[in-house]
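Student: Protein sequences, first through last, are from chains A and B.
Going left to right, the first sequence walks through residues 1 to 425 as full-length UniProt numbering numbers them.
Going left to right, the second sequence walks through residues 1 to 425 as full-length UniProt numbering numbers them.
No wet-lab data here; the hints were simulated from the structure.
A couple of the hints might just be wrong.
[Stated by the list, open to error] No more than 27 Å apart at the CA atoms, straight line, and that leaves these computed lysine-lysine pairs for DSSO-like:
1. K329/B x K401/B
2. K113/A x K329/A
3. K55/A x K298/B
4. K228/B x K24/B
5. K55/A x K28/B
6. K291/B x K329/B
7. K55/A x K31/B
8. K329/B x K298/B
9. K24/A x K55/B
10. K55/B x K31/A
11. K328/A x K339/A
12. K28/A x K55/B
[Claimed, not checked] The calculated label-pair distances, taken between Cβ atoms and stated as ranges, are:
13. G45/A x S118/B: 34 to 44 Å
14. A59/B x D177/A: 25 to 35 Å
15. G45/A x L293/B: 42 to 52 Å
For glycine and all other residues, C-beta sits at the position ideal for the given N, C-alpha and C.
Protein chains: 2
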Amino acid sequence: MALVVHKYGGTSMGSVERIQNVAKRVAKWVKAGHQVVVVPSAMSGETNRLLGLAKEINADAQDMSPRELDMIASTGEQVSVGLLAIALQAIGQDAVSYAGWQVPVRTNNAYTKARIESIDDKRIRQDLDAGRVVIITGFQGVDAQGNITTLGRGGSDTSAVAVAAAIKADECLIYTDVDGVYTTDPRVVENARRLDKVTFEEMLEMASLGSKILQIRSVEFAGKYRVKTRVLSSLTPHDLDINIEAHSGTLITFEEDETMEQAVISGIAFNRDEAKITLMQVPDTPGVAFKILGPVAKANIDVDMIIQNQSTNGTTDFSFTVHRNEYKKAMEVLETEVKDAIGAKEVIGDDKVCKVSAVGIGMRSHVGVASLMFETLAQSGVNIQMISTSEIKISVVIADKYLELAVRELHKVFDLEQDAQIESV
Amino acid sequence: MALVVHKYGGTSMGSVERIQNVAKRVAKWVKAGHQVVVVPSAMSGETNRLLGLAKEINADAQDMSPRELDMIASTGEQVSVGLLAIALQAIGQDAVSYAGWQVPVRTNNAYTKARIESIDDKRIRQDLDAGRVVIITGFQGVDAQGNITTLGRGGSDTSAVAVAAAIKADECLIYTDVDGVYTTDPRVVENARRLDKVTFEEMLEMASLGSKILQIRSVEFAGKYRVKTRVLSSLTPHDLDINIEAHSGTLITFEEDETMEQAVISGIAFNRDEAKITLMQVPDTPGVAFKILGPVAKANIDVDMIIQNQSTNGTTDFSFTVHRNEYKKAMEVLETEVKDAIGAKEVIGDDKVCKVSAVGIGMRSHVGVASLMFETLAQSGVNIQMISTSEIKISVVIADKYLELAVRELHKVFDLEQDAQIESV
Numbered sequence: 001m002a003l004v005v006h007k008y009g010g011t012s013m014g015s016v017e018r019i020q021n022v023a024k025r026v027a028k029w030v031k032a033g034h035q036v037v038v039v040p041s042a043m044s045g046e047t048n049r050l051l052g053l054a055k056e057i058n059a060d061a062q063d064m065s066p067r068e069l070d071m072i073a074s075t076g077e078q079v080s081v082g083l084l085a086i087a088l089q090a091i092g093q094d095a096v097s098y099a100g101w102q103v104p105v106r107t108n109n110a111y112t113k114a115r116i117e118s119i120d121d122k123r124i125r126q127d128l129d130a131g132r133v134v135i136i137t138g139f140q141g142v143d144a145q146g147n148i149t150t151l152g153r154g155g156s157d158t159s160a161v162a163v164a165a166a167i168k169a170d171e172c173l174i175y176t177d178v179d180g181v182y183t184t185d186p187r188v189v190e191n192a193r194r195l196d197k198v199t200f201e202e203m204l205e206m207a208s209l210g211s212k213i214l215q216i217r218s219v220e221f222a223g224k225y226r227v228k229t230r231v232l233s234s235l236t237p238h239d240l241d242i243n244i245e246a247h248s249g250t251l252i253t254f255e256e257d258e259t260m261e262q263a264v265i266s267g268i269a270f271n272r273d274e275a276k277i278t279l280m281q282v283p284d285t286p287g288v289a290f291k292i293l294g295p296v297a298k299a300n301i302d303v304d305m306i307i308q309n310q311s312t313n314g315t316t317d318f319s320f321t322v323h324r325n326e327y328k329k330a331m332e333v334l335e336t337e338v339k340d341a342i343g344a345k346e347v348i349g350d351d352k353v354c355k356v357s358a359v360g361i362g363m364r365s366h367v368g369v370a371s372l373m374f375e376t377l378a379q380s381g382v383n384i385q386m387i388s389t390s391e392i393k394i395s396v397v398i399a400d401k402y403l404e405l406a407v408r409e410l411h412k413v414f415d416l417e418q419d420a421q422i423e424s425v
Numbered sequence: 001m002a003l004v005v006h007k008y009g010g011t012s013m014g015s016v017e018r019i020q021n022v023a024k025r026v027a028k029w030v031k032a033g034h035q036v037v038v039v040p041s042a043m044s045g046e047t048n049r050l051l052g053l054a055k056e057i058n059a060d061a062q063d064m065s066p067r068e069l070d071m072i073a074s075t076g077e078q079v080s081v082g083l084l085a086i087a088l089q090a091i092g093q094d095a096v097s098y099a100g101w102q103v104p105v106r107t108n109n110a111y112t113k114a115r116i117e118s119i120d121d122k123r124i125r126q127d128l129d130a131g132r133v134v135i136i137t138g139f140q141g142v143d144a145q146g147n148i149t150t151l152g153r154g155g156s157d158t159s160a161v162a163v164a165a166a167i168k169a170d171e172c173l174i175y176t177d178v179d180g181v182y183t184t185d186p187r188v189v190e191n192a193r194r195l196d197k198v199t200f201e202e203m204l205e206m207a208s209l210g211s212k213i214l215q216i217r218s219v220e221f222a223g224k225y226r227v228k229t230r231v232l233s234s235l236t237p238h239d240l241d242i243n244i245e246a247h248s249g250t251l252i253t254f255e256e257d258e259t260m261e262q263a264v265i266s267g268i269a270f271n272r273d274e275a276k277i278t279l280m281q282v283p284d285t286p287g288v289a290f291k292i293l294g295p296v297a298k299a300n301i302d303v304d305m306i307i308q309n310q311s312t313n314g315t316t317d318f319s320f321t322v323h324r325n326e327y328k329k330a331m332e333v334l335e336t337e338v339k340d341a342i343g344a345k346e347v348i349g350d351d352k353v354c355k356v357s358a359v360g361i362g363m364r365s366h367v368g369v370a371s372l373m374f375e376t377l378a379q380s381g382v383n384i385q386m387i388s389t390s391e392i393k394i395s396v397v398i399a400d401k402y403l404e405l406a407v408r409e410l411h412k413v414f415d416l417e418q419d420a421q422i423e424s425v
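Could you put the whole structure together from the sequences, leaning on the hints where they help?
Tutor: See below:
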């Protein structure tokens, strides 16, 4: 008998029929002797509908009270938990739903992007011990003053992992519309392989690099509290044998050696919609990085890679990447507020680039990963424009037309293909 | 300067544009120096949509956990308060929204039909004193264990009056889609007159008789706590002079003499969809009424009028009316569970009847109202099938084909027409 948390995304909760399927799956787990807490998202489209109403009322979203936005947006999950409770009761499984404030899930006061501070497990445990399924709203909590807060988009993943940490669950199962974490996007590389296990550090790099399976903060949470978290598909039939389900998908682990046996590199991640910007011949003085990125951050532009190389003759070139949608705005900020102020010679940019990364915890102890990556790209005629590395990741910026080519070649050279299909390559 | 509560129904909150109109009206009141608390309903159709989802999941509504239904249904008003706060802020008026549990509005634990027990006015007063409009969800509260409860359909009226009582508001303005309480339905009698004032006892009789302007419990609440309550139209332009608005609609008062000057009868109320049922020759023994109505109540059938006349030869005829939709069910219960058990001779019924009532606090001190009513109906050829009276009301059951005729004739004979139109009659 295990104590598990199930998390279901908006697609899994997207219709009455799908909610009934979720209920059947959960009931099956209970019948097999497990205690289950469920954290569902809002029905797909609902959060957008609600925020759309607010935007219709006040087109200038900057002016809008984030407190009121949270008041509105949090209702989507509240409807979901009630409907799921009713669906479970309809098939004879006792269940009870709670909004975040009822548990309570305590957060700080940062509306629309709140952080969970604590979760009281008392009420949850009482209900579980009474044989009930406990259903808790994802995405939201309550601050010390009793105001409703939300955790930001994708926050239900974080809610689920945090609940799992609070009740010391044996495992947190994230049911989603993919059946696990892959070595790369199967739409780009046909024989991409599903990983049985991935370390949470690798998952962290994959998530932030655009794999988009889990909200990155949920992965951080899983790491911090060592919550065994499994990503698996909610689209597989729910009459599947429970033992199969409990071993399917991809498990995010904390023991390095479990995943270390075979692969140096676990996957090839990529981001399509990048733009790069370089300030040429920036005087290399203390504080110059802040003088460049301060105004950019102030304009609410997220910066991804940042690269500054060794200076020559007292100047250096300073580069960074942004999302393609923010390229124009970023260029304008640099031209008007930064360039002359810091005495840079020129601002150049390119919004036709992408980022490709090799991620793997095995990289730490293996030399030669970077050189194999660069050699492979060179042989394919792909020019590398920028390079950035971390302990378990190497990222390159290349022209976006080479994205598929680069991902496929790297996937091949690092032996990531499915076994069955290696024969046919 | 006054402290007022505004209540807006689902139609007034039915679209983004209408919510913006509500905001303009509220802001106008604040600019004129008043403190305003607003209690809005869910956007029209929203509560039905939410409960419809629940019913889709569990077609057999009887099995559904009322706790979960309240969890779901309460979200409609939560969206409304957030949107209205945003609409007020967008036009420069500081505002803050609260769900019932945040105030808190304490209720008992009777899910889907909870009763308000207390309302804490501390948070409301602090916000009002800080210059904010306070927006509180209608229809809902929280029980002692922190569960969300709802007050039942139309409960937002009760919420508004209860909030007005708690903060000792000068007046509770119920904005609705009619511009006040009329002497009868203007669709039946063209020259029906709007009443400037009506006593709460009269309003109570009118509401329960199907005038449907205010939820009856809100009128009881207004009476109990002596809340001056005004019914007025939200469809009049919100740039109306505030002094006009403050004196429009119909005021529900507690001082008899204010409304006593002219009329004996204040209005003619009616209910179209009635059915009557009679048990013939029921042995007149103690407890027989309970033996008849117990099984009916157990089948969840609401009973309206109940009439039992003097017995002759040890038996009596026992009659009552139900909503037409429940006629068949009620007949079945009586035939199978009651008739033989109590030794009644026969069960007869008619679902083609209606109820017409003359209501007026002046009736108390005026003899002859009943006889004038019966005489008028007789002269129009309307046969009276049942009669029931209270201190301020006389109700008759007649064949439903006579409804319009009866209402018009009674409206005329009790001098209820608009002055301007009396000339043309």
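Student: For every hint, state whether the structure bears it out.
Tutor: How the hints compare with the structure:
At most 27 Å may separate the alpha-carbon atoms for a hinted pair to count; K329/B and K401/B meet this at roughly 24 Å. Of the pairs offered as hints, the one joining K113/A and K329/A holds, with about 23 Å between alpha carbons and a cut-off of 27 Å not exceeded. Proposed proximity of K55/A and K298/B is contradicted: the alpha carbons are some 48 Å apart, above 27 Å. Taking the CA atoms of K228/B and K24/B, the gap is about 24 Å. The hint holds against a cut of 27 Å.
A C-alpha spacing of about 23 Å is found between K55/A and K28/B, which places the hinted pair at or below 27 Å, so the restraint holds. Between the alpha carbons of K291/B and K329/B the distance comes to roughly 17 Å, so the proposed pair stays at or under 27 Å and holds. The hinted pair formed by K55/A and K31/B meets the criterion: a straight-line CA distance of about 25 Å does not exceed 27 Å. A hinted pair counts as satisfied when its Cα atoms are at most 27 Å apart, and K329/B with K298/B qualifies at roughly 12 Å.
Annotation: proposed proximity of K24/A to K55/B holds, straight-line Cα distance about 17 Å (limit 27 Å). A hinted pair counts as satisfied when its Cα atoms are at most 27 Å apart, and K55/B with K31/A qualifies at roughly 25 Å. This hinted pair checks out: K328/A and K339/A have alpha carbons roughly 15 Å apart, not beyond 27 Å. Distance restraint check for K28/A and K55/B: the Cα-Cα separation of roughly 23 Å lies within the 27 Å cut-off, and the hinted pair is therefore satisfied.
The hinted range of 34 to 44 Å is satisfied by G45/A and S118/B, whose Cβ atoms lie roughly 39 Å apart. In this structure the supplied range 25 to 35 Å holds for A59/B paired with D177/A, their Cβ-Cβ distance being about 28 Å. At about 48 Å, the beta-carbon gap between G45/A and L293/B stays in the expected band of 42 to 52 Å.
Hint 3 alone, counting from the list given before, is not met by this structure.
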